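Protein chains in written order, with our numbering: chain A, 1 to 119; chain B, 1 to 284.
Keep in mind the hints are simulated off the structure, nothing from the lab. Being a predicted model, the structure only gives us computed values, none of them experimental. Careful, some of the hints might be misleading.
Some chain A residues near chain B, calculated using beta-carbon distances under 7 angstroms [as the list claims (entries may be wrong)]:
#	residue
1	24
2	92
3	102
4	106
Restraint ranges, calculated between C-beta atoms of paired labels, are given here [stated by the list, open to error]:
#	chain 1	residue 1	chain 2	residue 2	range
5	A	115	B	23	56 to 62 angstroms
6	B	112	A	2	43 to 49 angstroms
7	A	59	B	269	19 to 25 angstroms
8	A	115	B	261	17 to 23 angstroms
9	A	119	B	119	22 to 28 angstroms
10	B	122	A	16	42 to 48 angstroms
11	A	59	B	138	42 to 48 angstroms
12	B	251	A	85	45 to 51 angstroms
13	B	257	A	5	23 to 29 angstroms
Glycine included, each C-beta is placed from N, C-alpha and C at the ideal position.
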Amino acid sequence: MNKIVTGLVFGALLGLLDGATAWFTPEARSMIAGILMGSSIKGLVVGLLSGWFARKVNSLQWGIAFGATIGLFFAFLVALQPQPSGNHYYLEIMLPGFVTGAIIGFLTQRASGPSKQTV
Amino acid sequence: MIDLNDSILDHLRHVLDEPELSGTRYELEAEIGRGGLGVVYAAHDRELRRRVAIKVLDSTLPPVHLEEEARIIASLEHPAIVPVYDAGALPDGRAYYAMKLVSGQRLDRYLNPRLSLTERLRVIQRAGEALAFAHTRGIVHRDLKPQNIMVGSFGEVYVMDWGVEGVAGTPQFRAPEQAGREPDPRSDGYALGALLQFLLPEDAPRALRAVAAKAMSPAPEARYPDIPSFLLDLQRFQDGLAVEAFPESFWQRTGRYARRNQVLLLLLAAFVAVKFFLFFLRRL
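Could you build all of it, start to finish, from the sequences and the hints given here?
Written out as structure tokens, the structure reads:
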């Protein structure tokens, strides 16, 4: 699996897993389908960008940092949308998004395939 | 009347033993060591204007031994085998050959407590590659030991003193079967295992000790079938994989997997911790 495909596959899987844990929040259960869809798409985007970054730069630390940063950013964009209750769930969305992004960044760095620059 | 003590006699012997190089292109500089078949000197090559090492046969041995050693080494072109430049006979009839002068230390002197495990294994890898190459040419070293390995100033490794027929080997590094018959490549494998054992620190991992022990099995058929198999097991250890010589329990395998994937396991643990944190935070 090359770096881009790794990012897409694990981004989608981890995004799905991240979204699925919303089931443990009772008020979110009615929106679980939308949460799963949104979380998977977010994971796909983070995975794609992390895979692209991993092709440019061969560095585990920078890969994790990049994945965590864009994971945090896209989670922030999602958290900006108010929920039906009118609340924003910044911590609940951004913190897992940050860690998920870091994992995707790590996995794309470890995937096979060329990198243009080793740091 | 001068009293001749042992040190004066030794000095006189060394002076008398010094080769006469007047009929050659070399200028003698200094003695640098004594090998199995003779004495090694540093010399200056007048024609190519470079320093070389010259090995001069011990006068008690027939010249055919040194000529054979020179031919063996000359036939092996490998980065870890010192190249031979020239061979011939001195005016006094002693055989000699000229080779690359290696600036460095013998392995037994290079070894020190601060030397990292990675570096120790690197030396074994380089020496093993030279042996493996020689075996493909049908040549067995017969006398591998720390004194026959040089580590150069830039970390380059050379295997020296390639043996000829009749060399018995050094007891600590000699395979048991060498006592009764001519050594074969598996005897070199035994010696390489003994060399690994010699280099391993006291707190070396059990897997590495198992690799050395397998290479040094008393029965040749229980050892690694060849040097590349031995080196592959070493490489597997360095890559964090299971080695053939060390059967692992479930917990040992799990521990090795965890060590090899520390970062990933930490990140996954962080993910779980965050989820638990948020779950309990919601309940407060």
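Would you list, in rising numerical order, the hints stated earlier that this structure does not obey? Structure breaks no hint.
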